[in-house]
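Number of protein chains: 2
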Amino acid sequence: MPDETTPTPADPTSAPAASTPRAPKLETLLAAAATTFATRGYSGTSMRDIAHDSGISLSGIYYYTRGKSSLLYEIQSRTIDALIASAAQALSRVTKPTDQLLQFVENHVSYSNEHPAFVRVLSHETAPDGSDERREAVELKRKQYVDVLRDILDRVRQEFEAPVSTAFAADMLFAMMSGPRQWGVSDTELNVGIASRLIYDLFVHGFTGGTPPSSRA
Amino acid sequence: MPDETTPTPADPTSAPAASTPRAPKLETLLAAAATTFATRGYSGTSMRDIAHDSGISLSGIYYYTRGKSSLLYEIQSRTIDALIASAAQALSRVTKPTDQLLQFVENHVSYSNEHPAFVRVLSHETAPDGSDERREAVELKRKQYVDVLRDILDRVRQEFEAPVSTAFAADMLFAMMSGPRQWGVSDTELNVGIASRLIYDLFVHGFTGGTPPSSRA
DNA sequence: GCTTCTTTAGAACGACCGTTCGACGGTCAG
DNA sequence: CTGACCGTCGAACGGTCGTTCTAAAGAAGC
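In order, the protein sequence lines correspond to chains H and Y. First residue of the first sequence? That's 1 in this note's numbering, and the numbers climb one at a time after it. First residue of the second sequence? That's 1001 in this note's numbering, and the numbers climb one at a time after it.
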């Protein structure tokens, strides 16, 4: 399980080159920025919005960050780092491929449930102005995270026989785990464990629960 | 199969109260706006961007539309209308629940493949300023479209025994169909029919399924 | 020729954008 | 008390935003 208030288990600061002791307010700022980015979108969010939502004055924001794009980068970078670390820890607890798959799903859904704004910003937002190498760094880590799932699916595939490629299956599973907030807007107030189990079962066994068309219940 | 250049099979104009004969340029404008909205996002797109991409001058845009939010509404409204109509036509061709499910998936994936920008704008963008009832109208139609899938799943559920609710399953299926452009960014240059079949099989029978019900070629 | 309607576009409006600057109150060593 | 430093903020910068205004080019009927 990840931290309560911040998406990263360690390494609080990284933007101003040196580690300064002004961490706590940075966390508040990032949390407010993540929430606003998640709801209004990156381009739809103004610095004045973040200032208002975080309780920090507009100019005060620039004491803690380099600017708007750095805010986005910091949110995404911390979130994917925490996601990778959290997944690694969860996966170390089991060995069987299908168990690891369930662990991965549970971890992702759980983390997304605890830090919905951060995960949404990670998966849905992209900096339009940030021509830096920072965007590539986030993209690289995200591919690492995807590869973790792909490797698990490869091992599952060795055990069972899968009709689709692992890369394709990984994308579909990620789509399901990032699913809500779209289309049906189903009243999914489900427990995290139950929801994870449902996604896992649906992915592994399919919608028709293995029951052949001959036997009706 | 929907039209080639526009997402709606009929009813070209609707914004300026009266049906004017300036349709063709409106189509160009909407297509350019949809593409730009899809890539840069609604808030990240300026009217000057659309003017540049469509080849129409900035002030010329306001001769064809009421403004930016009307542009978004027109795109979303036309797209969901076309999607509903296209699905209805596709479903009328078969009667068996599982066949209808496959038809629905094929129709949605096919349409998304032919008009990716329009579908993306429909599913990902929301007008922040449009306080109108127009947003509710789009939302209502989208729920209608979702209900079409839910009804199909209900019928499938009567035939087979499903472990999850149809509402939840519908969300998961929509997530898979809207899947790409996220996470893995898998090199899914698949044929539309093959991709639809993969999603259908994965959804119905699961990752560890093996053989689908209908006889493979 | 003139009039009228459709379509186009340059210029400008006020509002808001991200960002910077200069100054303020507070704390603490000297 | 003085002076340096830290955290903070109001005010303002140049630029871009969505939108409107005004005028003019082209076509068509007289």
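Please note that a few of the clues may not be correct.
As the list claims (entries may be wrong) - Partner residues aside, some chain H positions facing chain Y, computed with beta carbon under 8 Å:
1. Arg40
2. Gly41
3. Ile84
4. Ala85
5. Glu106
6. Ala127
7. Pro163
8. Met172
9. Met176
10. Leu198
Quick caveat, the hints were computed from the structure, so don't treat them as lab data. Glycine is no exception: its CB is placed at the ideal position from the N, C-alpha and C atoms.
These are the hints, each one checked on the structure:
1. Arg40: H/Arg40 check passes; min Cβ-Cβ to chain Y is 6 Å, inside 8 Å.
2. Gly41: Hint holds; H/Gly41 Cβ to chain Y Cβ min 5 Å, cut 8 Å.
3. Ile84: 14 Å, violated
4. Ala85: 18 Å, violated
5. Glu106: 16 Å, violated
6. Ala127: 10 Å, violated
7. Pro163: 6 Å, holds
8. Met172: 5 Å, holds
9. Met176: It holds, given that the least Cβ distance between H/Met176 and chain Y is near 5 Å, below 8 Å.
10. Leu198: 5 Å, holds
This entry does not satisfy hints 3, 4, 5 and 6, going by the numbered hints stated previously.
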